[in-house]
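K.L.:
So the chains spell out like this:
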Amino acid sequence: MRSETKRILRRLLRNPSAVIGFSLLIFFIVVAIAAPLICPPQSYNPYMIPIVSWDLTPKPPSDGHPFGVIAGRDIFYGIVWGTRTAFRVGLLVTLISTAIGLFIGSIAGYFGGWIDEILMRITDIFLSIPYILAAIVITSFLGMGLNNVMIALVAFGWMAAARLIRGNILQVREEQYVLAAKALGVKNFLIIMKHVLPNTIFPVLIQASMRIGSLVITAAALSFLGLGAPIGYADWGSLLNFSRNWLLGASGEAFKYWYAIVYPGVTMVLFVLAWNLVGDALRDVFDPRLRG
Amino acid sequence: MKKEPILSVRNLKTYFYTEDGIVKAVDGVDFDVYQGETLGIVGESGCGKSVTSLSILRLLDEKGKIVDGSIIMEGKDLLKLSEEKMRSIRGNDIAMIFQEPMVALNPVFTVGDQITEAIVLHQKTDEVTAKKMAVDLLRKVGIPEPEKRVDEYPHELSGGMRQRAMIAMALSCKPKILIADEPTTSLDVTIQAQIMELMKELQREYGMAIILITHDMGVIAENSDRVVVMYAGKAVEYAEVKTLFNDPKHPYTWGLLHAIPRLDIEQQRLYNIPGVVPNPLKFPKGCKFNPRCEFAEEICRREEPELKQIEENHSVRCHFWEKVEEAKRAEVGERV
Numbered sequence: 443m444r445s446e447t448k449r450i451l452r453r454l455l456r457n458p459s460a461v462i463g464f465s466l467l468i469f470f471i472v473v474a475i476a477a478p479l480i481c482p483p484q485s486y487n488p489y490m491i492p493i494v495s496w497d498l499t500p501k502p503p504s505d506g507h508p509f510g511v512i513a514g515r516d517i518f519y520g521i522v523w524g525t526r527t528a529f530r531v532g533l534l535v536t537l538i539s540t541a542i543g544l545f546i547g548s549i550a551g552y553f554g555g556w557i558d559e560i561l562m563r564i565t566d567i568f569l570s571i572p573y574i575l576a577a578i579v580i581t582s583f584l585g586m587g588l589n590n591v592m593i594a595l596v597a598f599g600w601m602a603a604a605r606l607i608r609g610n611i612l613q614v615r616e617e618q619y620v621l622a623a624k625a626l627g628v629k630n631f632l633i634i635m636k637h638v639l640p641n642t643i644f645p646v647l648i649q650a651s652m653r654i655g656s657l658v659i660t661a662a663a664l665s666f667l668g669l670g671a672p673i674g675y676a677d678w679g680s681l682l683n684f685s686r687n688w689l690l691g692a693s694g695e696a697f698k699y700w701y702a703i704v705y706p707g708v709t710m711v712l713f714v715l716a717w718n719l720v721g722d723a724l725r726d727v728f729d730p731r732l733r734g
Numbered sequence: 009m010k011k012e013p014i015l016s017v018r019n020l021k022t023y024f025y026t027e028d029g030i031v032k033a034v035d036g037v038d039f040d041v042y043q044g045e046t047l048g049i050v051g052e053s054g055c056g057k058s059v060t061s062l063s064i065l066r067l068l069d070e071k072g073k074i075v076d077g078s079i080i081m082e083g084k085d086l087l088k089l090s091e092e093k094m095r096s097i098r099g100n101d102i103a104m105i106f107q108e109p110m111v112a113l114n115p116v117f118t119v120g121d122q123i124t125e126a127i128v129l130h131q132k133t134d135e136v137t138a139k140k141m142a143v144d145l146l147r148k149v150g151i152p153e154p155e156k157r158v159d160e161y162p163h164e165l166s167g168g169m170r171q172r173a174m175i176a177m178a179l180s181c182k183p184k185i186l187i188a189d190e191p192t193t194s195l196d197v198t199i200q201a202q203i204m205e206l207m208k209e210l211q212r213e214y215g216m217a218i219i220l221i222t223h224d225m226g227v228i229a230e231n232s233d234r235v236v237v238m239y240a241g242k243a244v245e246y247a248e249v250k251t252l253f254n255d256p257k258h259p260y261t262w263g264l265l266h267a268i269p270r271l272d273i274e275q276q277r278l279y280n281i282p283g284v285v286p287n288p289l290k291f292p293k294g295c296k297f298n299p300r301c302e303f304a305e306e307i308c309r310r311e312e313p314e315l316k317q318i319e320e321n322h323s324v325r326c327h328f329w330e331k332v333e334e335a336k337r338a339e340v341g342e343r344v
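If you're matching them up, the sequences are chains A and B in order.
Counting in this note's numbering, the first sequence runs from 443 upward without gaps.
Counting in this note's numbering, the second sequence runs from 9 upward without gaps.
Here chain B stands alone, though its shape is the one from the complex (with noise of 0.2 Å):
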């Protein structure tokens, strides 16, 4: 039986229209989303992840214009509703935390104040039962004392604890979509561990999806089930998280794979993906991953490549990718 996807991203392209000109952020991006399932959207800075998830909610600054593709979330199509039928979807339907719960939290109300806020706007609640919500979700995304907690100001709360805040905010309407952008990149290892599982624990028993856009293959590896790989703005790969770690077939995939420090393989020194991601205004003709490429030839510096389904829920955007399975079937070969 095939399930019915919740959210589904096709050929979108958001484009930044500087002074230097054009910035493609995001340009052709696909994807998924199933009920329940994470998704992990993972690549270095500046390759578009968190362009795509504000083009999702519609969230660009002035300059940034989605100019093509779709955004399906229940049949409607998320980049035609009017800017009224939006802001209902935002934090009812799809709600959003941040990279930096330091900043993310309004420095000069209680974190209580802010979470009634979100469950008064959609809800229709009066502020008394907002309030008494407000501390059962700080209980459930484990505040202690979230009686104490809920009239305290975010600087009085320790970064971990302004995350689960933020989560509980992000909950308080029992969103069908959950977009964590980076949610544990500026908390410590310990905390990090903690709110993943938090976060879990959540989707288990809302049955939300997530889409959790991180940097870090080894929060991709333990907390998603879908992998959506980007460079300079396009998905290079997409696929289940089972079949990317065992059978990355772009090079840029392999590549990310090949940089994780391993403790089962002796290593003289760590491998890197040659070369930086090209300035957004000057990106290289034909594939754009073509410099930094060890599998490049002619064709890659002169055609793009398409998105090709290769397998069942397994699609990958390289002329050679082929290749990449016979150098890793060497590389395999050559350890055994």
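Bound conformation, chain A alone (with noise of 0.2 Å):
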């Protein structure tokens, strides 16, 4: 086992876009972990960015504030405090949908017939439903705020992966080790745990750490249309829901506050690519299909 350990790591150090990945990701963990450090909290509730100046237009880096100032608030605080919010939208969404995904689609491809029929009818279903629309229906049925808008990812966000997985079942389904399990008597339920999922489970897991990246674009979108986080909230989306207003420049001057959009976005940019890669990485490492 040890040796397998070994492999995975030495594979991974010899491939460069993983290093990078896993190194910005390891940069964004320990800003979320740090933020308090980096960023003491100025009021009773950390992840409310402080008010700085009641002036309402942007203003350009200086000492106090390297990232520069947004209406009247500071946008490298609601950087670092954000990260912490991008962890917890990203991880949390892609946790429990995939979860779901993974409980229905298991059912589905497991035992087949018109179980599989109907669940994978209930999934197409909500799949032909667009899912912007949807969550913006969703946050303004339950009310704003960053709770509802992951609720609203999570509802609409598990159909990928429970047909990713039951696709997969399907096949392995029709291995001879899955009929050798039931030949020894082994119950359904432990088939699905031990002898299915196991081989079935890593597109699963890479597809979920790339989606992480792309539910903060999609939660930033949302806040970007001011259905997520509230005003204030350190949450990389409602910075640029900020900017919105200042996006093209004062006249004769288009790049006057392109802080107010460069540092939210790249931020929000490597973020995503961070996780991408590092979902390639785990790909080329545990899938089995490509070991060598």
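Check the hints yourself; a few may be wrong.
Unchecked claim - Now the stretches of chain A that chain B is said to cover, found in silico as 3 or more residues with beta-carbon under 8 Å:
#1 619-630
#2 633-647
Unchecked claim - Take a look, some chain A residues computed to stay more than 12 Å from chain B by CB distance:
#3 VAL472
#4 CYS481
#5 PHE529
#6 LEU534
#7 PHE553
#8 GLY555
#9 SER582
#10 VAL614
#11 ARG686
#12 LEU690
Just so you know, the hints here were simulated from the structure itself, not pulled from any lab data.
Using N, Cα and C, we set each Cβ at its ideal position, and we do this for glycine too.
Join these two chains into a complex; the hints should help.
P.N.:
As structure tokens, this is what we get:
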């Protein structure tokens, strides 16, 4: 087992994009953990970006505010504490929606027949509803707020995992070792848990790690539309929402307020890139079909 | 004294309901299995051998249904048991080993894990004892350094080793009946002989019955006590192995035996049975073997023959089994 771990580590280190991905990810994790040290909270709720000025015009980066100020709030503070928000939204939503998808997909795939038919038609119905639109409807129905955004994202985010795991299970179900396990009298539940899932789960985990990144974008889009986090909450999407009015710059100076969009934007891109590279690296290392 | 069979299959019929129509994969199979004996099931590919074995364990996929017949084991009809009861029989009373040891072991678990799984499941022991038992079993099936092998993954073992590991897994709960579905087909010849020898030894030791499924008449001749010959889903002949080889009554059996190359007779060309196994969706009317049979007459195309008992322990499904005997006598006469 230990030689297996060593082998995996060696392969990861030899792959430059994996190294970049994991370094970025570790960097973000460190920032998220060390947020209170980097930007000590100044109010009762550390997730609310402290207001430093009542002047709404953005102010360029300066000594106290390295990324500038927007809507009277420090962009640097928002980005640092927003890292925690990004992890919370990405991980929680992915975890829950993947779990739901796994549950539905594995039941459909393993038992087949009419159970499969019903579950997959339900999946189709969910898939046929535009994701963003559904999320908007649900958040406006449940009320604004980050938790409601997450509920909406979970409710419309489990289908891909369900379909993926179902397809893989349909394939693995025909394998002789599953029949062999049945011939030994192993219970259905145990067969799914021990013999089917371990052989099908990697593509789902890889897809999930890549989804964490893109979910943060979706959540940011909802925040940008004003549906997500409350005003002033440390969230990258909310920062972009502030800069919406300043996107065009001032007359004659198109890039006057570049910092308002570049810093939150680049952070988000790097975050998504980190997860995508990590997902790729995981696939290269774990996918049994790519094993040498 | 007459022995009681440990398993008797009567008139077993397993059909598959496919989109193209009903495939009668098994359509009337009868046999008895006795304790400590080996029953061979022989036939060409696609004649229903494997489906018969899966029917005994009730492991058919959702398209397959057992529509008729009975499978009596120690007074219980396996076809009438609940799924729960059936599950406790699988692995415990009846175990099975498969054709492809390469794919019959789960690639993500160690060999030991998979054997312990079976032991823990049926014997209610703890993991540590089960692991010790797994090592003992691996030693028993002739795997060298079992303490080390028990922690290896299937891909680290050779084909023969994997089949030995499969046998160890199947034997873990000392089953009364072991179904071996072409256990040696994918192994090379020297390993084949070793595996068959191992199974015989274990059979003597545990006193279990073996149902040996194969298309290889040689394997049947060396290893079984009784034989069922299957053709197109039906048992066409059932006899003790000596009787079958010395005195085949069904033209199909006769053809199969004829098709074995022999060194003691000079042959220009190896005999083969003309034609192929019919498409299971379009079985011929009457006797299913009639288009390929050199003895076929009008009645064979019209009426399906019944399985007739012609001697003690010898039944045959043919209208003209006496004719086969005559033809054979004539042929032997020619050679002498």
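K.L.:
Now, for every hint given, state plainly whether the structure supports it.
P.N.:
A quick look at each hint next to the structure:
no.: 1; hint: 619-630; result: holds (count 10)
no.: 2; hint: 633-647; result: holds (count 4)
no.: 3; hint: VAL472; result: holds, 33 Å
no.: 4; hint: CYS481; result: holds, 45 Å
no.: 5; hint: PHE529; result: holds, 30 Å
no.: 6; hint: LEU534; result: holds, 28 Å
no.: 7; hint: PHE553; result: violated, 9 Å
no.: 8; hint: GLY555; result: violated, 5 Å
no.: 9; hint: SER582; result: holds, 44 Å
no.: 10; hint: VAL614; result: violated, 10 Å
no.: 11; hint: ARG686; result: holds, 50 Å
no.: 12; hint: LEU690; result: holds, 56 Å
Hints 7, 8, 10 from the earlier list are contradicted by this structure; the remaining hints agree with it.
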